[in-house]
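Engineer: Protein chains in written order, with my numbering: chain A, 1 to 112; chain B, 1001 to 1116.
Check the hints yourself; a few may be wrong.
To be verified - Simulated crosslink set (SDA-like; lysine to any residue; CA at most 20 Å straight-line):
1. A:K57 - B:A1001
2. A:K57 - B:Q1002
3. B:K1078 - B:S1007
4. B:K1078 - B:Q1057
5. A:K57 - B:V1013
6. B:K1078 - B:A1001
7. A:K9 - B:P1041
8. A:K9 - B:R1043
9. B:K1070 - B:T1024
10. A:K57 - B:P1041
11. A:K9 - B:Q1044
12. B:K1073 - B:S1022
13. B:K1070 - A:D99
14. A:K9 - B:P1040
15. A:K9 - A:Q37
The set of hints was computed from the structure by calculation and includes no laboratory data.
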Amino acid sequence: DSGVTQTPKHLITATGQRVTLRCSPRSGDLSVYWYQQSLDQGLQFLIQYYNGEERAKGNILERFSAQQFPDLHSELNLSSLELGDSALYFCASRPGAQDTQYFGPGTRLTVL
Amino acid sequence: AQTVTQSQPEMSVQEAETVTLSCTYDTSENNYYLFWYKQPPSRQMILVIRQEAYKQQNATENRFSVNFQKAAKSFSLKISDSQLGDTAMYFCALISGGTSYGKLTFGQGTILTVHP
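The following block holds chain B by itself, in its conformation from the complex:
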């Protein structure tokens, strides 16, 4: 079984500052993928960033970057220069095993509020 845990139910940050959202996971597989999805008030699920477990280099997408610590099974998301539009629920998710199936296992989510 695979599990994903987000220990921060809510976070807040001032506009233009940096915030880090935490995520830990557990899987017995060697081949897996990790994701952060954003769910704004519109409820749409939007992919923010993905990380392949076999790659040591941390993924980066513009203002979003991850800190992937494989041995510690930790996958945190850093948002730099926070913007009001970043206000959303953020979900950490895991796919492990063969990607032919690839069901996503989600964490409980972290509500991020960006204040002006």
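So that you can see chain A by itself, here it is in the shape it has in the complex:
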């Protein structure tokens, strides 16, 4: 158990819908990262937050957004969903002074 929690574990929805994925980092970790794992694109970095502020953006679509709240949990919002958004979405957190990221169990999103 990495100490990072993600909910829900599975999500099945229809095209055009909007969903919210939630992540709680390890206790004391200020940095949260979101990654997408799909069959065709592999594992890709989406976005990073540090203590409530956006720090870096990767290959994140405009239909996707994220935020980190004062209690340090983070949410990834996916809207106008398309079939190609079906993937495993990981959250990871990192201790402030270290480089290692610890991953949550992921949320499996299926768009029908």
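Given chain A, put chain B in place with the hints provided.
Structural biologist: Here is chain B on its own, set in the frame of chain A:
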């Protein structure tokens, strides 16, 4: 831009034997970190081992060790005394630049199957 390449889509090994997974990378930074993550069928991403680029000594974690060749930009993972529980997808990953940001760049992954 940084890239990570794993040229072996699949590997197999007999239980108790040794196997080596290959990884090459590219970055223009001098300060970087390399990792191997394991993803078993449960899909959880589990850290196996990490290497700091400024350290010449190869990292070791129990049965797992790396061969870090900085000049060649190579970072291979050796698994000794392979166990059935080692069956998983293995990802090589890189963080370069300042660790304040530290996004991971992953390779394509290598599926390792350990046979009894």
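Engineer: All the hints need checking, so say for each whether the structure fits it.
Structural biologist: Taking the hints in turn, this is what the structure says about them:
As the CA atoms of K57 (chain A) and A1001 (chain B) are separated by approximately 14 Å, the hinted pair is consistent with the 20 Å bound. This hinted pair checks out: K57 (chain A) and Q1002 (chain B) have alpha carbons roughly 15 Å apart, not beyond 20 Å. Proximity of K1078 (chain B) to S1007 (chain B) is assessed by CA-CA distance (about 15 Å); at most 20 Å being required, the pair is judged to hold. For a cut-off of 20 Å, the pair hint linking K1078 (chain B) to Q1057 (chain B) stands: about 15 Å separates their Cα positions.
Of the supplied pair hints, the one linking K57 (chain A) and V1013 (chain B) is violated, its CA atoms being roughly 39 Å apart against a limit of 20 Å. About 27 Å separates the Cα atoms of K1078 (chain B) and A1001 (chain B), which puts this hinted pair outside 20 Å; it is violated. The straight-line distance between the Cα atoms of K9 (chain A) and P1041 (chain B) is roughly 15 Å, inside the 20 Å bound, and the hint therefore holds. Distance restraint check for K9 (chain A) and R1043 (chain B): the Cα-Cα separation of roughly 11 Å lies within the 20 Å cut-off, and the hinted pair is therefore satisfied.
With a CA separation close to 10 Å, the supplied pair K1070 (chain B) and T1024 (chain B) stays within the 20 Å bound. Only pairs whose Cα atoms come within 20 Å are accepted, and K57 (chain A) paired with P1041 (chain B) is rejected, the gap being roughly 29 Å. Restraint check: the Cα-Cα separation between K9 (chain A) and Q1044 (chain B) comes to about 11 Å, which is no more than 20 Å; the hinted pair holds. Note on K1073 (chain B) and S1022 (chain B): the hinted pairing holds, with a Cα-Cα distance of about 11 Å set against a maximum of 20 Å.
As the CA atoms of K1070 (chain B) and D99 (chain A) are separated by approximately 19 Å, the hinted pair is consistent with the 20 Å bound. About 16 Å separates the Cα atoms of K9 (chain A) and P1040 (chain B), which keeps this hinted pair within 20 Å; it holds. Distance restraint check for K9 (chain A) and Q37 (chain A): the Cα-Cα separation of roughly 14 Å lies within the 20 Å cut-off, and the hinted pair is therefore satisfied.
This entry does not satisfy hints 5, 6 and 10, going by the numbered hints stated previously.
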